[in-house]
Amino acid sequence: MELTAKDRLLRVGNAVIFPLIILLIWQILGSLGVLYETILPSPVKVVRAFISIVKDGSLAIDVWVSLQRVLIGSFFGILAGLALGFISGLVPFIERLLQPIVDVIRQISLYAWIPLIVLWFGIGETSKDIIIARGVFIPVYINCVSGIKNIQKEYVELGKVLELSKGTFLRKIVFPSAAPVIFTGLRLAVGDAWTAVVAAEVLGGLTGLGYALLNAKEFLKSDKLIAVMFVIAILAALSDLILKQIEKRAFKWKEN
Amino acid sequence: MAETVALDNSVILDINNVSKSFKTKFKTVKAIDNADFKVNRGEFISVIGPSGCGKTTLLRLIAGLETDYEGDILLNGKRVDGPGLDRGVIFQDHRLLPWLTIEENLALGLTEDKTQIKSLVKKYLQKVDLDGFGNSYPRQLSGGMSQRASIARALIRQPDILLLDEPLGALDALTRYSMQEELEKIWLNNNTTMIMITHDIEEAVYLSDRIVVLDARPCKVREIFTIPLEHPRNRNSKAFEEYRTCVVSSFRSAVANYSI
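In order, the protein sequences belong to chains W and D. Take the position in the first sequence, starting the count at 1, then add 10; the result is the number in our numbering. Take the position in the second sequence, starting the count at 1, then add 1; the result is the number in our numbering.
Bound-form chain W, shown alone (with noise of 0.2 Å):
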């Protein structure tokens, strides 16, 4: 579908125009006093403390601590996801086998691990790495085994008449036909390793977007407390948004 440049305005006005409402009441409430301001500070103040975290410099180091944890975290765990989720796919065996454990790990709550990791690891940075790796490995994995899996049989037939060696049907068949969905799992999992890394943060760290909120909140900076937030949501819609257009180039072969 074509989408006109004012069909364009319209869909940008219509996602923002329900924020901006919320901005406003909440703004007005702020101003005219009703709100607790230590509990809920207006968006002015917000913007305020955010403007300060950027003067000191304190938000560009936690920003560029945690992104360094998630881009380590994220390289072991797709590694993992990858390694094992290809295997899985293509050796049913081994699916078998590695299956109730990966439902097991995936069952039990990733802020559950944290305190075992946190013992086993310390509060440095291989647990947080683990912790990480841990949130992206399993969307990384499970996209990895369907992908792999559900390869249309027509494909396959197609392999078969063609007499395709083992190799040539893996690699021009089947990878480039799982690749979209296992694209699809790090575009999951990239977001899932923001979750992590904060929640490593909070719960065990010293440094980091996650222990800038502990810190805050510690000292009742809700404005500042509210403005991390802020920065965490957007650095991940940020990263989805250079992943979805790795995929649109990637995948120019789907687009019609």
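Everything labelled a hint here was simulated from the structure, so no lab data went into it. You may find that some hints are simply not true.
Claimed, not checked - Pairs of lysine to any residue, SDA-like flavour, derived with a Cα cap of 25 Å: (1) W:Lys-163 - D:Lys-119; (2) W:Lys-254 - D:Ser-137; (3) D:Lys-186 - D:Gly-135; (4) W:Lys-163 - D:Lys-186; (5) D:Lys-119 - W:Pro-186; (6) W:Lys-264 - D:Gly-144; (7) W:Lys-176 - D:Asp-87.
Use these hints to put chain D onto chain W, whose structure you have.
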């Protein structure tokens, strides 16, 4: 097993008393019952029959996509027990891989060296009137063009026999007409034996040397028509009309026998 194989050089494919049943948990369904006919080298054979009668199953057996059957399917004297490059298959859907360009689709799995593959691909794209579309993706091609590309993909492997499973079934009437002519041209230029499943009687009469009419459930050969008209055929000629009428009446009685 067949006791002796007739050493007739002109016979490329011998469907010899072939039966095929599908077993489900509760019952066994006989899909094909003693189908028996021969296909000569270079011939264009159409197989028509009521829908659901097992035509496609028969083609899949010949293609080697189903291997569990009774009787013998002898291709060049050898019993078919799996897919092979001596048979090209055209499915109703073009089945081009959407992530590969047309060129890459044609070249898929070829083992010749690169320059050879390149010139082969070029040659076969020309044969199906698709030169210039090598770098396009399947989504950029129309239905008729995609089906031509899939024919080229099959022909490039130079199969002894081309198996077409309702190749034009998914196309609109107009495209279908011109594709029938295209198919005729391809067949005349390549000397490839072709077996086509179709439910379009006019299409069958237009293209075929012989038409095999199947009975339904279980599928067996009802009648075989020989159409000795010269190619290219004139759909409006009196002879064409006569053959068409004959096949239609045979097809009608095949359908009449077909009770659900």
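Violations among the numbered hints, reported as their numbers in ascending order = 1, 4
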